[in-house]
Each structure stands twice: as C-alpha cells, then as structure tokens.
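Use the sequences and the hints to build the structure in full.
So the sequences go chain by chain: A and B. Numbering of the first sequence is given in the working numbering, commencing with residue 87 and proceeding in unit increments. Numbering of the second sequence is given in the working numbering, commencing with residue 83 and proceeding in unit increments.
Hint data in this document are derived by calculation from the structure and do not stem from the laboratory. Being a predicted model, the structure only gives us computed values, none of them experimental. Even for Gly, the Cβ is constructed at its ideal location relative to N, Cα and C. Some hints here could point you the wrong way.
To be verified - Label-pair restraints from in silico Cβ distances:
#1 A:Q119 with B:V94: 47 to 55 angstroms
#2 B:D135 with A:N308: 53 to 61 angstroms
#3 B:Y159 with A:Q119: 36 to 44 angstroms
#4 A:N308 with B:A130: 28 to 36 angstroms
#5 A:F127 with B:L299: 19 to 27 angstroms
#6 B:V201 with A:L159: 38 to 46 angstroms
#7 B:L197 with A:V152: 36 to 44 angstroms
#8 B:G92 with A:N130: 25 to 33 angstroms
#9 B:S187 with A:F127: 53 to 61 angstroms
#10 A:A120 with B:L382: 48 to 56 angstroms
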Amino acid sequence: MLNTNGTGAEGAMTYPAAQNDLNLQRKKLAHEQAEIRLKKFTRNRASVFGLAVVTLVVLLAVFAPVIAMHDPLTMNTADRLQGISAQHWFGTDNMGRDVFSRVLYGARISLTVGFTVGITSGLLGLIIGLYASTNQVADNILMRICDGLKAIPSTLLAITMMAVLGADIKNVIISLIVVNIPNMARLARSQALVVREQTYIEAMRCLGSSRKRILWAHVVPNILSPMIVQMTFVFASAIITEAALSFLGAGVPAPAPSWGNILKEGKDVIYTAWWMILFPGIFTALTVLGLNLLGDGVRDLMDPRNS
Amino acid sequence: MRQILLVVGGKVMQKFIARRLLSVIPVVFVVSVVIFTLLKMVPGSPAAAMLGDLATADDIAALEAKMGLDRPLVEQYFIWIGNMLHGDFGMSVVGNETVASVVFSHVKPTISLTLYALVIATVIAIPMGMLAARKKGTGADHAATVVSLAGISLPSFLFGLFLMLIFAVKLRIFPVSGYVEMSRGLWPHIRSLTLPAIALGFMNAALMMRMTRSTLLEVLGSDYIRMAKAKGVRNVALVAKHALKNSLVTIITMIGQSAVQMLAGAAVVESLFAIPGLGQLMVNSIGRRDYYVIQAIVLLIALFNVLINIVVDLLYGVADPRVRAA
Chain A
87 MLNTNGTGAE
97 GAMTYPAAQN
107 DLNLQRKKLA
117 HEQAEIRLKK
127 FTRNRASVFG
137 LAVVTLVVLL
147 AVFAPVIAMH
157 DPLTMNTADR
167 LQGISAQHWF
177 GTDNMGRDVF
187 SRVLYGARIS
197 LTVGFTVGIT
207 SGLLGLIIGL
217 YASTNQVADN
227 ILMRICDGLK
237 AIPSTLLAIT
247 MMAVLGADIK
257 NVIISLIVVN
267 IPNMARLARS
277 QALVVREQTY
287 IEAMRCLGSS
297 RKRILWAHVV
307 PNILSPMIVQ
317 MTFVFASAII
327 TEAALSFLGA
337 GVPAPAPSWG
347 NILKEGKDVI
357 YTAWWMILFP
367 GIFTALTVLG
377 LNLLGDGVRD
387 LMDPRNS
Chain B
83 MRQILLVVGG
93 KVMQKFIARR
103 LLSVIPVVFV
113 VSVVIFTLLK
123 MVPGSPAAAM
133 LGDLATADDI
143 AALEAKMGLD
153 RPLVEQYFIW
163 IGNMLHGDFG
173 MSVVGNETVA
183 SVVFSHVKPT
193 ISLTLYALVI
203 ATVIAIPMGM
213 LAARKKGTGA
223 DHAATVVSLA
233 GISLPSFLFG
243 LFLMLIFAVK
253 LRIFPVSGYV
263 EMSRGLWPHI
273 RSLTLPAIAL
283 GFMNAALMMR
293 MTRSTLLEVL
303 GSDYIRMAKA
313 KGVRNVALVA
323 KHALKNSLVT
333 IITMIGQSAV
343 QMLAGAAVVE
353 SLFAIPGLGQ
363 LMVNSIGRRD
373 YYVIQAIVLL
383 IALFNVLINI
393 VVDLLYGVAD
403 PRVRAA
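This is how it looks when you write it as structure tokens:
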C-alpha cells in the first residue's frame, strides 16, 4: 500500500511533469532517429534513384489522361507503324495507336497489379504465417502446403492458373497472389518464431499479457519491416510476371495497353517498328529496377547492423 | 572420389539420406493435389470437349462414366494418381497422341537450351563474383554490381527481345528465331540457341554473381583465411583452394535452383524464339485447351525441382560434415 495522503498529493503533482518530460524526451529521440534514417537513406544514391524512378512512374500513371495526347485504344489505320515524331513521341503501333499513350496507360495496369499483389499476398502471408507460428498442428499442415506450392516454379504455376481461369486482369491478380503467398507466409512464420523467443516477449508473458495482445501489439510490429521489404520485391516481380503472362497471351486480354501486350504486338513487327519494343521495354525494366533499389534501400535502413 | 564414397557410406550419412527422402513424400502429395485441383477447376467437362459439338448428352455421360468422371473426387484423385504412376498421363486433344509421347518429343530442345544457359550463367557469374569479392570497392566490383542489378531488372523475355532487336534484326549475326536440331550439325544447333540461352541465363547469372560475391566476402573475412594469409598462401590459391571450398555449399545450391528456374523460364523464352521445347508446348496447349499436356509438364518440372533439391541437400552433406549431423 502506498501512502495515499500528503506525499501522495505531492507525487500527483510531480508525476505529470515527469511524464511530460519523458514524453518530450521520447519525441526528441524519435525525431532524431527519423532524421538519422532519412540521412542514411539520402546518402544511399541507389535507393534515392529508385525512389525517384518509382515516384515518376506513379505520377505518369496517375496523370496519364492529362499527359497522353491520344487515346490508348483509338485505332487509326492511316497512321500505322509511324516512327517517333512530335505527334507520336514513341511512334505508333501496327493499328495506328499512339505507343506513348499506351505505355502511360500500361503503367496503370502494371502498378495496379503489382501493388495489389504485393499488399494482398503480404497480408494473407502475414496472417497464415502468424497462425502457423502459434499452432503446432496448423503449422505442420500449412507449411507442407507451402512447400508443395513452392515446388512448382512460380511462372509455371501462374501460367497454369491462367490457363484454367482464363485471360483476365482479375485472374492475373488472383494467380500472382496465390503464387506469392507461400514465400510471405514462410517469412512471417520464421520472423514471428524468432521474435517470440526474445526476452521482452517472455517478460510480457510473465506480466500476464494475453496471447492475442502479445501477438498483435508486440510480435506483429516487429516482423513488419522485413515483410514490407519483401512486399516491395513481390511488387517488382509481379510486374515482370504480369508482363510475361500478357506477352504469352495468357495475361491481360488484348486491346488493353498492358506493357506485355505492347511488347507482344511489337514482336510481330520487330523488323519495322523497334520503338514498339524499346520504349515499353525500358519502362518495364526501369520500374522494376526502381522498385528493387527502393527495396534494397529500405532493407538497409531497417537493418540494425547498418546503423 | 574415394572420400565422397566413404562419406556416403557412413552411418550418419545414410540416416541423413533416409530422412531427406522421406520428407519428399508430403511435398509430392501436395503438388499432385494442387495440380489435380487446378485440373478440376477447368470449366466444362473434358468428355464434352473430347467429343466435340455434335455429341449428345447421353454420349457425354457415357464417356464421363468410362473416364471415371462420375465418381467422387477423392476416388477420382486416386485413379488419376494411379494412372500416372503407371505412366498413363491421358490423351492429348491434338493428333490422337498420348500425352507422354507428345511431352517426350519436346524434351530435347528444352534440355539443350537449359544446359547451354546454365553453362553461360555459371561461366560468367562465378569468376566475376570471385573477382568482385577480391577487388571489393574497385571498378571491377562496381561493374559487377551494375551488371547484377541489370540482370535482376531485365526479365528474360524482355532481354531476349532486346538481344533479338540488336543481334538478329540490326546486326544479323544470329537468326531471329527458329531451332536447328543437333543432328543437323553442332554449330548450327549452338548458333540457333545462343540468343535464347543468353536471355535465359542472364538473370540467373546476375543472382549467382551477387551470391558468389557475398559468400566469398564472408568467408574471406574469417579467421582461418587470415591465418592462411599469414602463412604466406598466395592470392590465387587463397581464393581457389581455401575460400572457394567453404563457399561451395552456397554455389551448389545456386546452380541447382538456377537449373529449375531456367526450366520454368524456358516457357517464355522458347515461345519468344520459336523453339519447339516443353515451354512452347505448354504455352501452345493453353490456346488448344489441352489441359492434360499442361498438367504433365508442370508435374514433370515440379518433380525435377524436388529431385534437384534432394541432390543439392545430399551434396551439402558431402561438402559440409556439419549438415550431416544436424
């Protein structure tokens, strides 16, 4: 029992002040840490370049209707296979459509697919991995399923799923999510198992925190950063796989201006229209490169060994 | 060689091999269930597809009964897996041929292409990775970093298109597409596969280079290497004899995984360069709705993947005694 009179009042008076001081210190520390991190990030030229490229592609995709001078779907047979000009920056394709506009609108498709697949497979993988880390029986079953799915190379599994489901952007997203969940789940599980063995988690358990609270308030925030880094890489690889699927005719169906579709049509006229391959190709490679560099930068930032 | 045999014959190693082989069973089971489920998700009845538009409902029902499609799913699964274990993969919808013979007739080009790509990747990646590790922080290291970043960002079909544009369309050094069989001469065969093999191998070469560099750096920083240096072991011998041996486990894994990834990546590259291998067969089968062929190819490659993983693990055991005991 603590003294409730006299000194207690004094304590009540000093306590908020101390708390304020502590909060202030914490804020200052957090602020300093953020500043160090920002400095570290900007010092790494590769990741700044990655961020710049990704931002640029996102802006181009968002403002595609404003920037593009032509409709990406309007055909104009009189203008087919025109080289680069002031009218058509990236030339025109075999149906007279403006390649620049198609590439810009293609960025929308690629980014939508990549982002959705990255986020969703990350979240589902997190849930599955966490569940597996808490339940022995479920762990055995879920991880065997993951092993089995991982035994089928991801490109092949995606192609097979597309063959069964039919070419459609929604199905591309579903296939790529399924393909990417096993890796995410494995990562979440292994990270969660490491965090759960830490002394502070043990301390929380001794203090009587519920399992649910330990899991969501302590384990999840601590495994989030590797998950986010992995999601960036999945984002990049989903863009590649979507382009490859569309290139094979098993992705986003034809008139849509996906990068893979433009490349596929470009391949048929490779002798005359190099611009149909070069420009969407450069956009695909740069976006993927940007995401990979960004992911590397974020990983280095999160890694305490680098501080 | 004698040393390897001794290790494999040892009791610890035998236990290790047995444990590893048993762990394959659940993986293969899940793979087969996934493929079976996908096959069952195909819209429409395969019997109706086989009989064509003119078939009556009775005909379809009769064929379905004959094919066992009217039985419960679990029973169907066991019939399906039983047939496969007897080498019966069903009939292809094209040309009244069995799936096994169709798939088998497309294996050769894929093996040639994959081996060629694997050789290109290994020959480029391992020496370059070693060089980058030895000369860390110099121009050679930076060049290797740039090449590996380019490799990671350039998917094989895109790199293949760029190669095609430069070396086949503009410079006309290599054919744009097409495949020449080995029976028509080794040189034309290699020439027809060079661009596809580079396209297929580049991404893996980049990954291998990165891995070789980082493992070698880790090993080179260890105490026993400092000891060897102090003893006066020369640079070349230091990397080739002392450091490489301990990076071997990582390098073996990389080569094994690359082989599998290349087999899968061949689907795209073969379609791009019109090579009549498994990949092109699979992509063409999508258009024909020839699901049994797709299923057989996926199963084949998944099994190959499992097999490669076992071999890699066993090689681990040979290369590193610590793995055996674990």
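Evaluated hints:
Separated by about 49 angstroms at the C-beta atoms, Q119 (chain A) and V94 (chain B) satisfy the suggested range of 47 to 55 angstroms. For the pair D135 (chain B) and N308 (chain A), the supplied restraint of 53 to 61 angstroms holds, since their beta-carbon distance comes to about 60 angstroms. Look at Y159 (chain B) against Q119 (chain A): about 55 angstroms separates their beta carbons, and that is not inside 36 to 44 angstroms. A hinted range of 28 to 36 angstroms for the beta carbons of N308 (chain A) and A130 (chain B) is inconsistent with their spacing of about 54 angstroms.
Take F127 (chain A) and L299 (chain B): their Cβ atoms lie about 24 angstroms apart, and the range 19 to 27 angstroms holds. A hinted range of 38 to 46 angstroms for the beta carbons of V201 (chain B) and L159 (chain A) is consistent with their spacing of about 45 angstroms. About 51 angstroms separates the C-beta atoms of L197 (chain B) and V152 (chain A), a value inconsistent with the hinted range of 36 to 44 angstroms. At about 48 angstroms, the beta-carbon gap between G92 (chain B) and N130 (chain A) misses the expected band of 25 to 33 angstroms.
The hint said 53 to 61 angstroms for the Cβ distance between S187 (chain B) and F127 (chain A), and at roughly 54 angstroms that hint holds. Separated by about 52 angstroms at the C-beta atoms, A120 (chain A) and L382 (chain B) satisfy the suggested range of 48 to 56 angstroms.
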